[in-house]
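Asks: We have chain A already, so just place chains B and C on it with the hints.
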Amino acid sequence: MSDLTANFTANASEKCFHSRYFEDYHVGDEIVHSVPRTITEGGMAVYMAVTGSRFALHSSDEYAREMGYARAPIDDILAFHMVFGRTVPDISLNAIANLGYAGVTFGVPVYAGDTVNAKSTVIGVKENSNHRTGTVYVHSTGWNQRGEVVLDYTRWVMMRKKDEASPAPEPVVPGDLIDHVPVADLVIPAGIDVSKWNGQVTGSDAFFEDYEVGEKIHHLDGQTIEEAEHQMATRLYQNNARVHLNQHVEKEGRFGQRIVYGGYIISLARAISCNGLANAFRVAAINSGRHTAPSFAGNTIYAWSEILEKLEIPERSDMAALRLRTLASKDESEAQYPQKDSKDFPENIVLDLDYTVLIPRR
Amino acid sequence: MSDLTANFTANASEKCFHSRYFEDYHVGDEIVHSVPRTITEGGMAVYMAVTGSRFALHSSDEYAREMGYARAPIDDILAFHMVFGRTVPDISLNAIANLGYAGVTFGVPVYAGDTVNAKSTVIGVKENSNHRTGTVYVHSTGWNQRGEVVLDYTRWVMMRKKDEASPAPEPVVPGDLIDHVPVADLVIPAGIDVSKWNGQVTGSDAFFEDYEVGEKIHHLDGQTIEEAEHQMATRLYQNNARVHLNQHVEKEGRFGQRIVYGGYIISLARAISCNGLANAFRVAAINSGRHTAPSFAGNTIYAWSEILEKLEIPERSDMAALRLRTLASKDESEAQYPQKDSKDFPENIVLDLDYTVLIPRR
Amino acid sequence: MSDLTANFTANASEKCFHSRYFEDYHVGDEIVHSVPRTITEGGMAVYMAVTGSRFALHSSDEYAREMGYARAPIDDILAFHMVFGRTVPDISLNAIANLGYAGVTFGVPVYAGDTVNAKSTVIGVKENSNHRTGTVYVHSTGWNQRGEVVLDYTRWVMMRKKDEASPAPEPVVPGDLIDHVPVADLVIPAGIDVSKWNGQVTGSDAFFEDYEVGEKIHHLDGQTIEEAEHQMATRLYQNNARVHLNQHVEKEGRFGQRIVYGGYIISLARAISCNGLANAFRVAAINSGRHTAPSFAGNTIYAWSEILEKLEIPERSDMAALRLRTLASKDESEAQYPQKDSKDFPENIVLDLDYTVLIPRR
Numbered sequence: 001m002s003d004l005t006a007n008f009t010a011n012a013s014e015k016c017f018h019s020r021y022f023e024d025y026h027v028g029d030e031i032v033h034s035v036p037r038t039i040t041e042g043g044m045a046v047y048m049a050v051t052g053s054r055f056a057l058h059s060s061d062e063y064a065r066e067m068g069y070a071r072a073p074i075d076d077i078l079a080f081h082m083v084f085g086r087t088v089p090d091i092s093l094n095a096i097a098n099l100g101y102a103g104v105t106f107g108v109p110v111y112a113g114d115t116v117n118a119k120s121t122v123i124g125v126k127e128n129s130n131h132r133t134g135t136v137y138v139h140s141t142g143w144n145q146r147g148e149v150v151l152d153y154t155r156w157v158m159m160r161k162k163d164e165a166s167p168a169p170e171p172v173v174p175g176d177l178i179d180h181v182p183v184a185d186l187v188i189p190a191g192i193d194v195s196k197w198n199g200q201v202t203g204s205d206a207f208f209e210d211y212e213v214g215e216k217i218h219h220l221d222g223q224t225i226e227e228a229e230h231q232m233a234t235r236l237y238q239n240n241a242r243v244h245l246n247q248h249v250e251k252e253g254r255f256g257q258r259i260v261y262g263g264y265i266i267s268l269a270r271a272i273s274c275n276g277l278a279n280a281f282r283v284a285a286i287n288s289g290r291h292t293a294p295s296f297a298g299n300t301i302y303a304w305s306e307i308l309e310k311l312e313i314p315e316r317s318d319m320a321a322l323r324l325r326t327l328a329s330k331d332e333s334e335a336q337y338p339q340k341d342s343k344d345f346p347e348n349i350v351l352d353l354d355y356t357v358l359i360p361r362r
Numbered sequence: 001m002s003d004l005t006a007n008f009t010a011n012a013s014e015k016c017f018h019s020r021y022f023e024d025y026h027v028g029d030e031i032v033h034s035v036p037r038t039i040t041e042g043g044m045a046v047y048m049a050v051t052g053s054r055f056a057l058h059s060s061d062e063y064a065r066e067m068g069y070a071r072a073p074i075d076d077i078l079a080f081h082m083v084f085g086r087t088v089p090d091i092s093l094n095a096i097a098n099l100g101y102a103g104v105t106f107g108v109p110v111y112a113g114d115t116v117n118a119k120s121t122v123i124g125v126k127e128n129s130n131h132r133t134g135t136v137y138v139h140s141t142g143w144n145q146r147g148e149v150v151l152d153y154t155r156w157v158m159m160r161k162k163d164e165a166s167p168a169p170e171p172v173v174p175g176d177l178i179d180h181v182p183v184a185d186l187v188i189p190a191g192i193d194v195s196k197w198n199g200q201v202t203g204s205d206a207f208f209e210d211y212e213v214g215e216k217i218h219h220l221d222g223q224t225i226e227e228a229e230h231q232m233a234t235r236l237y238q239n240n241a242r243v244h245l246n247q248h249v250e251k252e253g254r255f256g257q258r259i260v261y262g263g264y265i266i267s268l269a270r271a272i273s274c275n276g277l278a279n280a281f282r283v284a285a286i287n288s289g290r291h292t293a294p295s296f297a298g299n300t301i302y303a304w305s306e307i308l309e310k311l312e313i314p315e316r317s318d319m320a321a322l323r324l325r326t327l328a329s330k331d332e333s334e335a336q337y338p339q340k341d342s343k344d345f346p347e348n349i350v351l352d353l354d355y356t357v358l359i360p361r362r
Numbered sequence: 001m002s003d004l005t006a007n008f009t010a011n012a013s014e015k016c017f018h019s020r021y022f023e024d025y026h027v028g029d030e031i032v033h034s035v036p037r038t039i040t041e042g043g044m045a046v047y048m049a050v051t052g053s054r055f056a057l058h059s060s061d062e063y064a065r066e067m068g069y070a071r072a073p074i075d076d077i078l079a080f081h082m083v084f085g086r087t088v089p090d091i092s093l094n095a096i097a098n099l100g101y102a103g104v105t106f107g108v109p110v111y112a113g114d115t116v117n118a119k120s121t122v123i124g125v126k127e128n129s130n131h132r133t134g135t136v137y138v139h140s141t142g143w144n145q146r147g148e149v150v151l152d153y154t155r156w157v158m159m160r161k162k163d164e165a166s167p168a169p170e171p172v173v174p175g176d177l178i179d180h181v182p183v184a185d186l187v188i189p190a191g192i193d194v195s196k197w198n199g200q201v202t203g204s205d206a207f208f209e210d211y212e213v214g215e216k217i218h219h220l221d222g223q224t225i226e227e228a229e230h231q232m233a234t235r236l237y238q239n240n241a242r243v244h245l246n247q248h249v250e251k252e253g254r255f256g257q258r259i260v261y262g263g264y265i266i267s268l269a270r271a272i273s274c275n276g277l278a279n280a281f282r283v284a285a286i287n288s289g290r291h292t293a294p295s296f297a298g299n300t301i302y303a304w305s306e307i308l309e310k311l312e313i314p315e316r317s318d319m320a321a322l323r324l325r326t327l328a329s330k331d332e333s334e335a336q337y338p339q340k341d342s343k344d345f346p347e348n349i350v351l352d353l354d355y356t357v358l359i360p361r362r
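Residue numbers (this note's numbering), protein chains in the order written: chain A, 1 to 362; chain B, 1 to 362; chain C, 1 to 362.
In case anyone wonders, no lab produced these hints; they're calculated from the structure.
Check before you lean on any hint, since a few could be wrong.
Unchecked claim - Keeping only pairs whose Cα atoms sit at most 20 Å apart, straight-line, the calculated DMTMM-like set for lysine to aspartate or glutamate is: (1) B:K310 to B:D185; (2) B:K15 to C:E209; (3) B:K196 to B:E312; (4) B:K15 to C:E309; (5) A:K310 to A:E215; (6) C:K126 to C:D29; (7) C:K340 to C:D352; (8) A:K15 to B:E212; (9) B:K15 to C:D29; (10) B:K216 to A:E14; (11) B:K15 to C:D210; (12) C:K251 to A:D331; (13) C:K251 to A:E334.
Only chain A is shown next, with the shape it has when bound in the complex (with noise of 0.2 Å):
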């Protein structure tokens, strides 16, 4: 624990926003997370000035409208921000990094006007042997203002212990972990139907059947990040953690500056992937995800994206999903596609994502 840190814990009053340590979480636990949240036109805005994004289903309301939905939903990736933000207060102040993400899957569309919340409930616990650290899983579920799952996701997170001479408690590791979301537990909105999508509004002509297992895409553009413009996102999603806006605390911890949200640099992923993935309309599930290494203000963010595999949907004739690997980069254009877990895994590549999209067919 740094002195700074030390310092915060100490001026803590009762009345703040308790920030949890290791010790104070216990499998079955069910933490309901406060501040549920009015997603709006206004929200989107900002989303798109700090991603230029050109998925043509988020652009237009006419266009969403003739697929089906009731207007222009939010980007799915907003989408899990806005989840994802609600549960920053209760999981993330105190987290010392965030060790993965699985089966993330994304249910019924956002729109502007709905409003979000969140709950999340312990299902692992497990002391690391420094008796500092310790990894705690938590399965977090967020739903609209009817009830309706939005979104539902594993996590987990290296928590720092309040006191090292706390006993340890009995190791729970969720051993049902999915490798992939089966497309069997892919949400396809309920309505929507892709049968007259049309590459001309969206800029490309690449349909389900013209991509291959193995086929690999560079993305091409580049977007640098300035400091402002990780800060706007991050606020936007009320995620409070500390490492990405406080500069005087910042200056003296390992990096000597903040570091970027890992979810800002999915959103850059995604928007720089819709140049060779603009027909990729939806982001269905997140199987995998990993924050190879730390994004800061004035890295220029590069994504390239191999196809892993090519999935049918049962009794769709008008869309199937495609299974992708995207990785993303810091000043680095040229792709490369280290082994998953490799020991030397690249310094400059920053995100390891594992997801599933769909698509329509021809």
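Replies: Chains B and C only, in chain A's frame:
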């Protein structure tokens, strides 16, 4: 008057906004400010992106409706800025210093879709002994499209004289500046009932009964200001005071850099105060406020508060009021509570705000 | 072609947006641009946050309704950017320089909720004598979801050839490029009546009759550009031209840094011009425009104008038009009016815009 300012004045066409000088204000003058402003969900989102506020009432339409609001009202401090922004071309452009506020009373809630207007009446003028400057006192009022008052306040600023040789006006100093807004003058929005207020939703179990006079709360979180953030906030309010937006002039100025609009510091302090005061759902009044030092891009803002008074509200069993003193600092996380008008006020403290919030009772 | 650009080209998958080269344009080709865009209150708020515009018509739904609008229309220049943003992947990605505009005519007002589309027809091509580049002329049109034209313009850009050895096409230079949009072609929005225009509301008493041909107005205010601001503006429009957003590439480029989207300078000049032209409520046409030098983050933009012509509008007693020349500079507040195509054009002037505004009559 700096050379550059002189240059501006010489260049000004008759068709430009009238930059008023001390001599241009006369007790009794009423100035109806130009450019009414419709506030939208877009403005609320930009405000969220530059403050990260977590007050539940402003985050969730659903929760706001449960309390009797039509939907989530805009943040009170955003309402302040939107009214204040109307007054800038007439009051602040040539102001040397924003000396103080008194009796700032918040009226009906402001919602997206409302249009605010503002006017100011000159209630005092007093030339300084240097014959180069003087203090102007104005009473300003903001109202919505239905003529309902949304904000009412007294403010005094130090203005430059255009001509040192012009005769000093009869000094008038308003004698009835109130020390604080009495409970009887606080506006409780019609139809609001917070008896079902939910600490689970807001993230805090601390209600009116849980606070004690003299209690001190450190709000812990620090937020680092970027140039783009304070400029975007300031322009959102259409506050066009040169000192915040023009580095070409300010690099030759007193500080060599742009000064952050003091109101942005109030916004950050209020947002940061949510950590410890999450149930203080409405700023009902600002009793007095002082920007004790300028803030600049790169500064990290912290805030802490003291409970000054606990105030019952007649005929209300669902809510009461707290009179608070919130101090904000730059690049200094240690809480200090100097005497209000102390000569050796700590130089890192940038805001000393005495205000009254509404908070539910148990 | 820089090595980095060559690298991008080599990496480009068939599935990426087609980066067109000079050889890919043929006179008569019609390009329907992808990604229609719904404009929202959110986009309007972000635009306000990066420009600070104070034109009353775009600020107040109430005032706009009094003039016969459905509500506050979006800023005309924002409408321009939104249409322009559609065309970027097809026209600008490989452009070396944006050479000019002509006959930019604004159509029906654009409101939040409207969706804009765009198409371009190639009307000219002319290879340069160096055989490495050529000029492409396009006529572009933007329309809304009801098929009503919102913008119509001619533009010419200098494009790179893909292969220097490829044969030059038959040169075609459009002969009928108009010097300025005639009054008869200006679009007066249906149902608008500004006979009750209110100088108190707009902040200016200067109406059509008060301006004289040859009159010069310095708009005084300067605005300093931050990287985050111009990037957010540019991405809001989904303008994904690399030169504005990718420091990793641009640090090796001609200027060693990102170049500000020229359209952002037009936005700032228009916003700044409110101080002196507050009643010029609609940009009806841009007769010609030239970005005379690049702008970069850190520059402070100033603007000044000359009245070129006073134009009566047949059968309108409530309004008339002014043809204006507005110049914008970087880091130079002194107004200069060089000859339009002068060889020794002052290097600090970044914009030379000839345009026509509507303004109420007394």
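Asks: Each hint: holds or not?
Replies: So, going through the hints one by one against the coordinates:
1. Distance restraint check for K310 of chain B and D185 of chain B: the Cα-Cα separation of roughly 16 Å lies within the 20 Å cut-off, and the hinted pair is therefore satisfied.
2. Distance hint between K15 of chain B and E209 of chain C is fulfilled; the C-alpha atoms sit about 13 Å from each other, no more than 20 Å.
3. The hinted pair formed by K196 of chain B and E312 of chain B meets the criterion: a straight-line CA distance of about 18 Å does not exceed 20 Å.
4. For a cut-off of 20 Å, the pair hint linking K15 of chain B to E309 of chain C stands: about 18 Å separates their Cα positions.
5. Between K310 of chain A and E215 of chain A, the direct Cα distance comes to roughly 11 Å. Compliance with the 20 Å bound is thereby established for this hinted pair.
6. Between K126 of chain C and D29 of chain C the CA atoms are separated by roughly 15 Å; this keeps the pair inside 20 Å, and the hint holds.
7. Taking the CA atoms of K340 of chain C and D352 of chain C, the gap is near 8 Å; set against the 20 Å cutoff, the hint holds.
8. The hinted pair formed by K15 of chain A and E212 of chain B meets the criterion: a straight-line CA distance of about 12 Å does not exceed 20 Å.
9. For the proposed pair K15 of chain B and D29 of chain C, the alpha carbon gap of about 47 Å is over 20 Å, so the pair is violated.
10. Distance check on the hinted pair: K216 of chain B and E14 of chain A sit about 11 Å apart at the alpha-carbon level, within 20 Å; holds.
11. A C-alpha spacing of about 9 Å is found between K15 of chain B and D210 of chain C, which places the hinted pair at or below 20 Å, so the restraint holds.
12. For a cut-off of 20 Å, the pair hint linking K251 of chain C to D331 of chain A stands: about 11 Å separates their Cα positions.
13. A C-alpha spacing of about 17 Å is found between K251 of chain C and E334 of chain A, which places the hinted pair at or below 20 Å, so the restraint holds.
Hint violations for this structure: number 9 only, all remaining hints satisfied.
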